[in-house]
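Going line by line, the protein sequences match chains H and Z. Quick note on our numbering: the first sequence kicks off at 1 and runs consecutively. Quick note on our numbering: the second sequence kicks off at 1 and runs consecutively.
Everything labelled a hint here was simulated from the structure, so no lab data went into it. It should be emphasised that the depicted structure is a prediction, and the values quoted were computed from it without experimental measurement. Among these hints, one or two may not hold up.
Unchecked claim - So the derived list for chain Z, only partly shown, Cβ under 8 Å to chain H, looks like this:
{"no.": "1", "residue": "E74"}
{"no.": "2", "residue": "L87"}
{"no.": "3", "residue": "P91"}
Claimed, not checked - Under the rule of at most 30 Å between Cα atoms (straight-line distance), these lysine-lysine pairs were calculated in the DSS-like manner:
{"no.": "4", "chain 1": "Z", "residue 1": "K187", "chain 2": "H", "residue 2": "K61"}
{"no.": "5", "chain 1": "H", "residue 1": "K52", "chain 2": "Z", "residue 2": "K133"}
{"no.": "6", "chain 1": "Z", "residue 1": "K125", "chain 2": "Z", "residue 2": "K187"}
{"no.": "7", "chain 1": "Z", "residue 1": "K125", "chain 2": "H", "residue 2": "K39"}
{"no.": "8", "chain 1": "Z", "residue 1": "K54", "chain 2": "H", "residue 2": "K45"}
{"no.": "9", "chain 1": "Z", "residue 1": "K133", "chain 2": "H", "residue 2": "K45"}
{"no.": "10", "chain 1": "Z", "residue 1": "K187", "chain 2": "H", "residue 2": "K52"}
To be verified - Just so you have them, the derived chain Z footprint on chain H, three or more residues with Cβ under 8 Å:
{"no.": "11", "stretch": "4-14"}
{"no.": "12", "stretch": "83-94"}
From the three backbone atoms N, C-alpha and C, an ideal C-beta is built for every residue, glycine too.
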Amino acid sequence: MAEVKLHGALPSPFVYRVIWALKLKGVPYEFVSEDLSNKSALLLKYNPVHKKIPVLVHGGKPVCESMVILEYIEETWPQNPSLMPNNPYDRAQARFWIKFAEDKGVAVWKMFRSTGQELQNTMKEALEMLQTVEEHGLGEKKFFNGDNIGLVDLAFGSIVYWLQVIEDAVGVKLFESHKFPRLHAWLENFKQVPIIEENLPNQDEMLVVFKRRREQLVASA
Amino acid sequence: MEGENEVKLHGMWASTYSKRVELALKVKGIPYEYIEEDLRNKSPLLLQYNPVYKKVPVLVHNGKPIAESYIILEYIDETWQNGPRLLPQDPYQRAQIRFWASFIQQQLFGSFYKLISSNGEEQEKAVEEVFEKMNVLEKGMKELLPEGVPEVDGNNSGVLDILVTATFGPYKAHEEVFGLKVLDPEKYPLLFSWVQKLNEIPLVKGVLPPHDKLVALLQFMKQNGLKPSS
């Protein structure tokens, strides 16, 4: 089988999406750690457009953008577990939520970097995103993909798990269980999936790093 | 059989996203009913079909709605497998197309939007950004199509042809209203020649919005500070 490499930096939530997908599929890979303050020539060659991680390199050919990578993994290694529904309509719905996660999930990262009025605005956006997913995204299903996790779960898993740390670092509370009962239940189930459980960064450790970065951001704001 | 393959498209005649879906349906030869939405007075059906974004286009297949134009394209390709394939079968090629579709959507359209909704110095910066993104797109397409743009007609158009047509096909109307040459043949020869070829296809001519009507709408929006939103 052609060699698989993942260029990334931990604990990027976008990198974790790819790690989860590769591990769920049982695809062996080599992790190439990138220093984001000093990006390798190889990374810049593989992702000249965005110059970002993650980049998956399969047989020397690069794939960029985490959700594009995830669909590539699903299509290249279609074996169990299946991470996308098997009919076009449900796949279209899954892609809808993947796109929603991409478009609206940015509010969470923006929140981390903003202060004052901008913080209020990004918090509102993040709340709206959560509310929409709570109301329309999950229904009565255990996971977005049904009984088992899929790409949509990976997309939101990285957003919501990281949101919990970002909330604490910023000193706000958005993801309250009484406001988002479905999403809370879903997150607990998500974290208990064995592959996910074994590959979740420690939130306390992340909080130390995020708090420090937040202090620096606020000081220079 | 009635009801077995009922396809409806809720769209808007000037919406680039709506046009993407119309082009795909026509390329695939799929019969459909078109419902024109007044975006200032959206139909209850539209709001029911797309509660999250409340936007066009929405494709309704046998009563089940699909929203988001690029997603609709992939749905059409996977559901109607006769006729030309809009996406290649190879996962790597599919990944490249999805990457560029996302770039056009997020990066390029993002900077177009900034361009038309800003003034003065901010707008000058936005212009620079647009040219930068166009450059990236031109380079990307050159790499993706090392032998240049293949001869396209209504029978072999793919998703990228559709995206390029819907985005740049009406470029003359955009130039007239905004007084800016974005699709510059000297800066972006591949994109420019691609658009010329696409605009010659009868199917495309039949779908793209009429020039004068589009200019009138864009002028109206510009004068009233209205922004495009589907």
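Evaluation of the provided hints:
1. Taken as an interface hint, Z:E74 checks out: its beta carbon lies about 7 Å from the nearest beta carbon of chain H, inside 8 Å.
2. At a threshold of 8 Å, the smallest CB-CB gap from Z:L87 to chain H is about 11 Å, leaving the interface hint violated.
3. The closest approach between the C-beta of Z:P91 and any C-beta of chain H is roughly 4 Å, which is under the 8 Å cut-off, so the hint is satisfied.
4. Using a Cα cut-off of 30 Å, the hinted pair Z:K187 and H:K61 holds, with the two alpha carbons roughly 28 Å apart.
5. As the CA atoms of H:K52 and Z:K133 are separated by approximately 16 Å, the hinted pair is consistent with the 30 Å bound.
6. Restraint check for Z:K125 and Z:K187: the C-alpha separation of about 18 Å stays at or below 30 Å, so the hint holds.
7. With a C-alpha separation of about 27 Å, the suggested pairing of Z:K125 with H:K39 holds against the 30 Å cut-off.
8. Restraint check: the Cα-Cα separation between Z:K54 and H:K45 comes to about 40 Å, which exceeds 30 Å; the hinted pair is violated.
9. A C-alpha spacing of about 18 Å is found between Z:K133 and H:K45, which places the hinted pair at or below 30 Å, so the restraint holds.
10. For the proposed pair Z:K187 and H:K52, the alpha carbon gap of about 26 Å is at most 30 Å, so the pair holds.
11. Interface restraint, the stretch 4-14 of chain H with chain Z: violated (0 residues with C-beta to C-beta distance below 8 Å; minimum three).
12. Requiring three or more residues with a Cβ within less than 8 Å of a Cβ of chain Z, the coverage given for the stretch 83-94 of chain H holds, as 5 such residues are present.
Taken one by one, the earlier hints fail for this structure at numbers 2, 8, 11, listed in ascending order.
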